[in-house]
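Protein chains in written order, with the working numbering: chain A, 15 to 352; chain B, 15 to 352.
No lab work stands behind these hints, which were simulated from the structure alone. Incorrect hints may have been included.
Note: identical chains are not told apart, hence a pair may lie in one copy or across any two.
[What the hints assert, rightly or not] Result set (SDA-like, lysine to any residue): computed pairs, CA atoms no more than 20 angstroms apart in a straight line:
{"hint": "1", "residue 1": "K269", "residue 2": "D287"}
{"hint": "2", "residue 1": "K129", "residue 2": "E71"}
{"hint": "3", "residue 1": "K194", "residue 2": "I274"}
{"hint": "4", "residue 1": "K223", "residue 2": "Y316"}
{"hint": "5", "residue 1": "K233", "residue 2": "E117"}
{"hint": "6", "residue 1": "K269", "residue 2": "L216"}
{"hint": "7", "residue 1": "K17", "residue 2": "K223"}
{"hint": "8", "residue 1": "K129", "residue 2": "L236"}
{"hint": "9", "residue 1": "K53", "residue 2": "A191"}
{"hint": "10", "residue 1": "K269", "residue 2": "H134"}
{"hint": "11", "residue 1": "K233", "residue 2": "F113"}
{"hint": "12", "residue 1": "K19", "residue 2": "M36"}
{"hint": "13", "residue 1": "K194", "residue 2": "S181"}
{"hint": "14", "residue 1": "K19", "residue 2": "S76"}
{"hint": "15", "residue 1": "K188", "residue 2": "I253"}
{"hint": "16", "residue 1": "K41", "residue 2": "V190"}
{"hint": "17", "residue 1": "K223", "residue 2": "I293"}
{"hint": "18", "residue 1": "K269", "residue 2": "Q217"}
{"hint": "19", "residue 1": "K284", "residue 2": "G220"}
{"hint": "20", "residue 1": "K198", "residue 2": "N292"}
{"hint": "21", "residue 1": "K223", "residue 2": "N291"}
{"hint": "22", "residue 1": "K233", "residue 2": "D314"}
{"hint": "23", "residue 1": "K101", "residue 2": "D75"}
{"hint": "24", "residue 1": "K194", "residue 2": "L184"}
Computed from a prediction, not measured in an experiment: that's the story for all the values here.
Protein chains: 2
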Amino acid sequence: MYKHKIAIVGATGAVGTVFLKMLEDRKYPSELLRIFASKRSLGKKIDYLDDHLFVEEIQEDSFFDSDFVFISATTSISESIAELAVKSGAIVIDDSSAFRLSEEVPLVIPEINSKDLTAHKGIVSIPNCSTTPLAMVLACLTQLSRPLRVITDTYQSVSGTGSAAVSELLNQSKSVAVGKEVLKDVYPHQIAFNLFPHIDDLQSNGYTKEEMKMVLETKKILHRPDLEISATCVRVPVIVSHSQSVHIEFENEVKVDDAIEKLDNFPGIKILDDLNNNIYPTPLDAAGKDDVFVGRVRADSYRSNILVLWVVTDNLRKGAALNALQISDSMIEMKLVV
Amino acid sequence: MYKHKIAIVGATGAVGTVFLKMLEDRKYPSELLRIFASKRSLGKKIDYLDDHLFVEEIQEDSFFDSDFVFISATTSISESIAELAVKSGAIVIDDSSAFRLSEEVPLVIPEINSKDLTAHKGIVSIPNCSTTPLAMVLACLTQLSRPLRVITDTYQSVSGTGSAAVSELLNQSKSVAVGKEVLKDVYPHQIAFNLFPHIDDLQSNGYTKEEMKMVLETKKILHRPDLEISATCVRVPVIVSHSQSVHIEFENEVKVDDAIEKLDNFPGIKILDDLNNNIYPTPLDAAGKDDVFVGRVRADSYRSNILVLWVVTDNLRKGAALNALQISDSMIEMKLVV
């Protein structure tokens, strides 16, 4: 059944690990896989189904037999490798911000804009892990009325930074619990029992790069350069799943019940909304699941064209690995790859 | 110097403990203090300066010699005790939501509306711990232009729930770290490495009581029934300090530099805003401090009459105990108490 050869760059990282797990769940044949990672992991043996995979070093000819090259490492690794992979005839599906805003690179969430894949020139980008759920909610609700303005404040887990940040959160939490000195390495501030409105560097307009990713990527995916979006991105002491509080101003009135119905019927979105029974999305419940979970859907108290919602998604799955895999599925289905 | 007799109800709770600490810092004479708490703490000896205080049980005549009765317990305790204290001739300064919206009860943040104290009839309420910093920022910026609409998404620490919730967070964090079963008691969901948009009960309009406290209390304090406020209140795994991302739409254009200048000069507000040097308010840094800290002040990218800011405050100090103490100071200064 499966025949495409896949190379995974960053296979031992937070997203790469989830990506491999998803391939295992599909029983994707190990013979079709090659895994690459940083020098630190070279030669490392990774259990995969009843087999093993060995971490390889990237070389000039690494990708000559690959159909897809998934990259989830650093932006500079994506920048230095993508062209090599494309020259080798592979399609690159890239998790970094390196190419997301390039005109010749489709930025795709298959539920929304798989059509954009037809214009690919070898590289396809997946959106930032906080962009994807926001764009899905907006795309869905556009069926009811055109969104004009969006405010989102995020609650982003440390796995968005990578595995080292997960260790840092857990180690710091242990240190605080037993009264030991708290060591910092990944973040400039203690993250255990703390949080900060600082993800990625500051831009000249006062917003961080992460905040501007949400703004610019969402506009591109939705083909809505006119959409006004304002984001505040906050790192919180959570291991997996990004949450966000979203306020959407529409062109016309939107009723809560209509929004809930549309959201619950949109592919990849699931409603969890019954606060009286303590039901609403939480990061812990969303972790390891595929859906974008939405709850606390309510109307603004003053204006009938504004809705408020609470959105939670596993940042490693739909926020990254799952979306990447769905892109390759779509490209195969659309016969964009032989 | 000090002569007023103070009774503290809920003296062993999260806020009560901070309140006593603040009196200790002032070297307030122990002879002028009486402390009350739940039956569980009856007779408990609390170290205070070079002396001790003993936890008493509330009785009919407990407050006959008190000038001020500070209550920080549950709403139902406030409801059952306040009248008794007023009848005894004391002034009640209440931390619960029991009386905050009553017309005959001033709801006061001294930096904003100490004038309202003159109309008191024995009870003065202090605002919810998330309301106070928001109202201070809005009162300050009103000097530049009239706020018309406010959106706030909060990141509220567990000490807002009380000491039992602090223990629950710490115990759960330890359990996760060592792989033990996580026990839940205070919250319906695990709070360690998790968060949820659920503080207090659901109202019929889809907002929680906590969210509506922020809305209704802010309007009352600012005497602005027309102000549009929308809040999403989220509990996060932080021990002390509440954070919030605030979006303010003004009547006219407001420049970032002017806002920063006004905020930094407002009593009780301090600006921390230099992201390139990792400077912005965090809950850990704000804990134990008196100020409302503001950072990430920036303009909306599309509209010159909208500002976005990040606000962090120790919920036990300015959010509760400090504000209560400032109210009694103001009443003494205004000669509203003999």
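Hint check:
1. Taking the closest pair of Cα atoms, K269 and D287 come within 20 angstroms of each other only inside a single copy of the chain (15 angstroms); across copies the shortest separation is 39 angstroms, beyond that limit.
2. Neither within a single protomer nor between protomers do K129 and E71 lie at most 20 angstroms apart by alpha-carbon distance, with minima of 34 angstroms and 72 angstroms respectively.
3. Taking identical chains as interchangeable, the C-alpha atoms of K194 and I274 are never at most 20 angstroms apart, the minima being 47 angstroms within one chain and 38 angstroms between chains.
4. Taking the shortest alpha-carbon separations for K223 and Y316, only the inter-copy value of 17 angstroms comes in at or below 20 angstroms, while the best intra-copy value is 32 angstroms.
5. Proximity of K233 to E117 under the C-alpha cut-off of 20 angstroms is restricted to the intra-copy arrangement: shortest distance 13 angstroms within a copy versus 47 angstroms between copies.
6. For a Cα distance limit of 20 angstroms, the shortest separation of K269 from L216 across copies, 19 angstroms, qualifies, whereas the shortest one inside one copy, 37 angstroms, does not.
7. When the C-alpha separation of K17 and K223 is checked against a cutoff of 20 angstroms, the pair qualifies neither within a copy, at 38 angstroms, nor between copies, at 56 angstroms.
8. Taking the closest pair of Cα atoms, K129 and L236 come within 20 angstroms of each other only inside a single copy of the chain (12 angstroms); across copies the shortest separation is 51 angstroms, beyond that limit.
9. Taking the shortest Cα distances, K53 and A191 never come within 20 angstroms of each other, neither inside one copy (35 angstroms) nor across copies (29 angstroms).
10. Proximity of K269 to H134 under the C-alpha cut-off of 20 angstroms is found in neither arrangement, the shortest distances being 38 angstroms within a copy and 43 angstroms between copies.
11. Taking the closest pair of Cα atoms, K233 and F113 come within 20 angstroms of each other only inside a single copy of the chain (15 angstroms); across copies the shortest separation is 47 angstroms, beyond that limit.
12. In this assembly of identical chains, K19 and M36 lie within 20 angstroms of each other by CA distance solely inside one copy; the values are 15 angstroms within and 67 angstroms between copies.
13. With identical chains, the CA atoms of K194 and S181 are at most 20 angstroms apart both within one copy (16 angstroms) and between copies (18 angstroms).
14. When the C-alpha separation of K19 and S76 is checked against a cutoff of 20 angstroms, the pair qualifies only within one copy, where the shortest distance is 12 angstroms, while the shortest distance between copies is 80 angstroms.
15. In this homomeric assembly, K188 and I253 come within 20 angstroms of each other (Cα to Cα) both inside a single copy, at 14 angstroms, and across copies, at 15 angstroms.
16. In this assembly of identical chains, K41 and V190 lie within 20 angstroms of each other by CA distance neither inside one copy nor across copies; the values are 42 angstroms within and 31 angstroms between.
17. For a Cα distance limit of 20 angstroms, the shortest separation of K223 from I293 across copies, 17 angstroms, qualifies, whereas the shortest one inside one copy, 33 angstroms, does not.
18. Proximity of K269 and Q217 under a CA criterion of 20 angstroms is satisfied inter-copy only: 18 angstroms between copies versus 37 angstroms inside one chain copy.
19. Taking the shortest alpha-carbon separations for K284 and G220, only the inter-copy value of 19 angstroms comes in at or below 20 angstroms, while the best intra-copy value is 34 angstroms.
20. With identical chains, the CA atoms of K198 and N292 are at most 20 angstroms apart between copies only, with a shortest distance of 14 angstroms across copies and 35 angstroms within one.
21. Taking the shortest alpha-carbon separations for K223 and N291, only the inter-copy value of 16 angstroms comes in at or below 20 angstroms, while the best intra-copy value is 38 angstroms.
22. For a Cα distance limit of 20 angstroms, the shortest separation of K233 from D314 across copies, 16 angstroms, qualifies, whereas the shortest one inside one copy, 24 angstroms, does not.
23. For the identical chains of this complex, K101 and D75 are intra-copy neighbours only, at 10 angstroms inside a copy versus 88 angstroms across copies, given an alpha-carbon limit of 20 angstroms.
24. When the C-alpha separation of K194 and L184 is checked against a cutoff of 20 angstroms, the pair qualifies both within a copy, at 13 angstroms, and between copies, at 14 angstroms.
Hints 2, 3, 7, 9, 10, 16, counting from the list given before, are not met by this structure.
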